[in-house]
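Undergrad: Chains G and V supply the protein sequences, listed in that same order.
Under our numbering, read the first sequence as residues 1 to 399, first letter to last.
Under our numbering, read the second sequence as residues 1 to 91, first letter to last.
Each hint should be verified, as a subset may be incorrect.
What the hints assert, rightly or not - Restricting the straight-line Cα-Cα distance to at most 27 Å, the calculated cross-link-like pairs of lysine-lysine (BS3-like) are:
hint: 1; chain 1: V; residue 1: LYS72; chain 2: G; residue 2: LYS119
hint: 2; chain 1: V; residue 1: LYS47; chain 2: V; residue 2: LYS37
hint: 3; chain 1: G; residue 1: LYS251; chain 2: G; residue 2: LYS321
hint: 4; chain 1: V; residue 1: LYS47; chain 2: V; residue 2: LYS85
hint: 5; chain 1: V; residue 1: LYS37; chain 2: V; residue 2: LYS85
hint: 6; chain 1: V; residue 1: LYS47; chain 2: G; residue 2: LYS251
hint: 7; chain 1: V; residue 1: LYS47; chain 2: V; residue 2: LYS72
hint: 8; chain 1: G; residue 1: LYS288; chain 2: G; residue 2: LYS321
hint: 9; chain 1: G; residue 1: LYS119; chain 2: G; residue 2: LYS152
hint: 10; chain 1: V; residue 1: LYS47; chain 2: G; residue 2: LYS119
hint: 11; chain 1: G; residue 1: LYS312; chain 2: G; residue 2: LYS251
hint: 12; chain 1: G; residue 1: LYS158; chain 2: V; residue 2: LYS85
hint: 13; chain 1: V; residue 1: LYS72; chain 2: G; residue 2: LYS251
hint: 14; chain 1: G; residue 1: LYS119; chain 2: V; residue 2: LYS85
hint: 15; chain 1: G; residue 1: LYS321; chain 2: V; residue 2: LYS37
hint: 16; chain 1: G; residue 1: LYS61; chain 2: G; residue 2: LYS152
hint: 17; chain 1: G; residue 1: LYS288; chain 2: G; residue 2: LYS61
What the hints assert, rightly or not - Calculated from the model, a selection of chain G residues having no Cβ within reach of chain V, i.e. all distances over 12 Å:
hint: 18; residue: LEU36
hint: 19; residue: GLU183
hint: 20; residue: ARG234
hint: 21; residue: ARG277
Stated by the list, open to error - Short derived list, chain G residues pointing at chain V, Cβ under 7 Å:
hint: 22; residue: PRO22
hint: 23; residue: VAL72
hint: 24; residue: HIS95
hint: 25; residue: ASN102
hint: 26; residue: GLY122
hint: 27; residue: GLN159
hint: 28; residue: VAL165
hint: 29; residue: GLY281
hint: 30; residue: CYS318
Think of the hints as simulated: they come from the structure by calculation, not from any bench.
Only a predicted model underlies this, so the values are computations on that prediction, with no experimental measurement involved.
Just so it is clear, CB atoms sit at the ideal spot from N, CA and C, and this is done for glycine as well.
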Amino acid sequence: MNAAASPVDARTSPSGKARPGPPLWLLLELTYRCPLHCAFCYNPTDFARTGPELATQEWIKVLREARALGAVQLGLSGGEPLARDDLETLVAEAHELGFYINLITSGVGLTEPRIRALKDAGLDHIQLSFQDSTRQMNDFLSSTRTFDLKSKVAALIKQYEYPMVLNVVLHRLNIDHVEEILEMAHRMDADYVELANTQFYGWAWHNREQLMPSRAQVERAEEATRRYRERTDRTMRIFFVVPDYFERRPKPCMNGLGSIFLTVTPDGTALPCHAARMLPGLSFPNVKSASLEHVWFESEGFNHFRGNDWMKEPCRSCPEKARDFGGCRCQAYLLTGDAANADPVCDLSPHHHLVTEATARAEQAPVPAEQAPARTGESPPVEKPLIFRSPANSSTLFP
Amino acid sequence: MSELSAQSRPAIGRGFRLQWEAAQDAFVLLYPEGMIKLNASAGEILKRCDGAATIDEITASLEQAFSTSGLKDDVIAFMTMAHEKHWVSLP
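Produce the complete structure using the sequences and hints provided.
TA: What follows is the structure in structure tokens.
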């Protein structure tokens with residue numbers, strides 16, 4: 001009895017293969033409606049233009065077809081999935097089908113009757129977002145007064161015996177609070193903490209300059225996380241999602257597009273990653289008119305970046321391409337204008353300077369004030385204002 | 001956390017779910033936002049971890065099912081690893 005198991009996890013990278021396996025991960029972005037207005041949200045900035053949300057029966061069709069293809073991990077996200085009043089119905093159906101169901105939520109709307117109904121329906125786990133360990137910064141970054149509410153929701157999640165993941169997106173304005181964030185998570189009895197350094201897509205891309213930490217901040221945060229792990233019993237597991245701009249090799253994004261991950265946007269567009277709709281020249285099918293089997297195995301949008309044929313140099317001849325798949329297609333497109341280029345995070349990329357210039361600018365930017373803004377709506381401690389995610393900003397700034 | 005012995009009665013750890021996945025032709029352990037695909041041996045052991053059977057009984061059941069003997073050390077080694085990873089708990 002040797003090697004017991006192979007991890008298949010969004011955070012790790014099994015090697016790719018020619019014939020795609022099942023879409024093990026299904027993420028349903030049920031709605032773009034959200035009570036929060038986070039400046040680092042990965043949702044598309046033009047979300048206000050999205051068509052009508054799928055109806056309950058359409059989501060149920062997606063669940064059935066995905067399960068038949070072998071999907072087993074289900075994420076229910078958004079926007080705020082609790083904005084859908086059929087969430088309990090969808091969870092019950094997914095549970096009946098055998099999914100492991102993760103609710104990814106801001107906590108707003110997670111009342112005790114709903115948390116009980118979701119438990120009864122078969123919800124397995126709740127990931128709750130916090131924006132910071134302090135009320136001031138949490139409420140500033142989300143442009144809402146939600147810190148106290150989130151704290152109450154965390155207690156409810158534990159009371160109803162769900163495994164709880166606390167997710168905190170890290171950036172220039174809160175990364176110095178890592179130790180306090182971990183202590184807060186420990187007090188709340190979190191089972192897992194995700195310290196997720198901002199990935200620069202969607203709203204975060206437009207706020208990149210204000211959100212980019214300095215290298216010293218990143219190093220302090222890593223050190224604080226290491227110290228915390230050392231002095232605790234490790235029953236609370238910590239995932240530190242590295243800020244890839246500070247790396248020399250790209251992340252194996254999605255284990256390669258079309259490898260294990262399938263997401264559906266509120267209007268039914270099927271995508272191989274949350275951000276892929278931005279990739280030019282690709283058409284992505286809608287689940288209202290296409291079966292998921294067609295989406296996964298036959299559609300151009302899912303096949304285009306499978307395998308290695310699309311790669312350019314330096315990826316094409318690189319021995320590391322089987323490990324990182326050339327990095328992130330969306331990041332390559334955002335930074336270089338060509339999605340087939342190497343992810344410029346890689347220091348072998350001829351465009352790597354675009355990444356180092358961005359981090360160098362962060363070194364020169366004003367150090368964030370020690371004191372968080374006192375209340376929602378005040379100016380952030382940097383010069384250029386943050387653009388908060390809101391339907392109004394989406395309509396006017398990204399028409 | 002109690003010590004592991006041949007008399008321990010392991011159960012699948014809190015926060016994990018063991019499930020047969022036909023599409024993967026394997027047992028998998030599911031947990032928040034993650035999945036571990038188990039090889040055949042690991043799957044056969046874990047499906048016997050019901051909180052009632054002792055490790056000795058699990059070993060005997062495996063030896064009977066696969067018409068073999070001498071699995072005890074392997075089972076203990078796997079259980080030790082599985083316990084460290086919280087895949088099983090010892091009630």
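Undergrad: Confirm or reject each hint.
TA: Structure-based check of each hint:
As the CA atoms of LYS72 (chain V) and LYS119 (chain G) are separated by approximately 39 Å, the hinted pair breaks the 27 Å bound. The straight-line distance between the Cα atoms of LYS47 (chain V) and LYS37 (chain V) is roughly 13 Å, inside the 27 Å bound, and the hint therefore holds. For the hint pairing LYS251 (chain G) with LYS321 (chain G), the CA-to-CA distance comes to about 11 Å; that is within 27 Å, so the pair holds. Pair hint LYS47 (chain V) plus LYS85 (chain V) holds up; C-alpha atoms about 16 Å apart against a cutoff of 27 Å.
For the proposed pair LYS37 (chain V) and LYS85 (chain V), the alpha carbon gap of about 14 Å is at most 27 Å, so the pair holds. For the hint pairing LYS47 (chain V) with LYS251 (chain G), the CA-to-CA distance comes to about 35 Å; that exceeds 27 Å, so the pair is violated. With a C-alpha separation of about 16 Å, the suggested pair LYS47 (chain V) and LYS72 (chain V) falls inside the 27 Å cut-off, and the hint holds. This hinted pair does not check out: LYS288 (chain G) and LYS321 (chain G) have alpha carbons roughly 35 Å apart, beyond 27 Å.
Distance check on the hinted pair: LYS119 (chain G) and LYS152 (chain G) sit about 17 Å apart at the alpha-carbon level, within 27 Å; holds. For the hint linking LYS47 (chain V) to LYS119 (chain G), the alpha-carbon distance of about 24 Å falls within 27 Å, and the restraint holds. The hinted pair formed by LYS312 (chain G) and LYS251 (chain G) meets the criterion: a straight-line CA distance of about 17 Å does not exceed 27 Å. About 21 Å separates the Cα atoms of LYS158 (chain G) and LYS85 (chain V), which keeps this hinted pair within 27 Å; it holds.
Straight-line distance between C-alpha atoms of LYS72 (chain V) and LYS251 (chain G) comes to about 41 Å, which puts the hinted pair past the 27 Å bound. Pair hint LYS119 (chain G) plus LYS85 (chain V) holds up; C-alpha atoms about 26 Å apart against a cutoff of 27 Å. Straight-line distance between C-alpha atoms of LYS321 (chain G) and LYS37 (chain V) comes to about 24 Å, which keeps the hinted pair within the 27 Å bound. The straight-line distance between the Cα atoms of LYS61 (chain G) and LYS152 (chain G) is roughly 35 Å, outside the 27 Å bound, and the hint therefore fails.
Proximity of LYS288 (chain G) to LYS61 (chain G) is assessed by CA-CA distance (about 9 Å); at most 27 Å being required, the pair is judged to hold. Every CB of chain V lies more than 12 Å from the CB of LEU36 (chain G), the least distance being 20 Å, so the non-interface label holds. Every C-beta of chain V lies more than 12 Å from that of GLU183 (chain G), the closest at about 21 Å, which supports listing it as non-interface. With a least CB separation of 10 Å from chain V, ARG234 (chain G) falls inside the 12 Å interface cut-off, contrary to its annotation.
Distance to chain V confirms ARG277 (chain G) as a non-interface residue, since its nearest Cβ pair spans about 23 Å, more than 12 Å. The interface hint given for PRO22 (chain G) is met, as the beta carbon of that residue sits about 5 Å from the closest beta carbon of chain V, less than 7 Å. With 7 Å as the threshold, the beta carbon of VAL72 (chain G) comes within range of chain V, its nearest partner Cβ sitting at about 6 Å, so the hint holds. Taking 7 Å as the C-beta cut-off, the interface hint given for HIS95 (chain G) is violated, the closest approach to chain V being about 11 Å.
Using the Cβ-Cβ criterion of 7 Å, the hint placing ASN102 (chain G) at the interface with chain V is satisfied: the shortest such distance is roughly 5 Å. The restraint placing GLY122 (chain G) at the interface with chain V is violated, with a minimum CB-CB distance near 11 Å, outside the 7 Å limit. Checking GLN159 (chain G) against chain V by beta carbon gives a least distance of about 15 Å; that is not within 7 Å, so the hint is violated. Below 7 Å, beta-carbon pairs count as interface contacts, and VAL165 (chain G) has one with chain V at about 5 Å; its hint therefore holds.
Hint on GLY281 (chain G) is violated. Least Cβ distance to chain V is approximately 31 Å, over the 7 Å limit. Against a cut-off of 7 Å between C-beta atoms, the interface hint on CYS318 (chain G) is violated, since the closest Cβ of chain V lies about 28 Å away.
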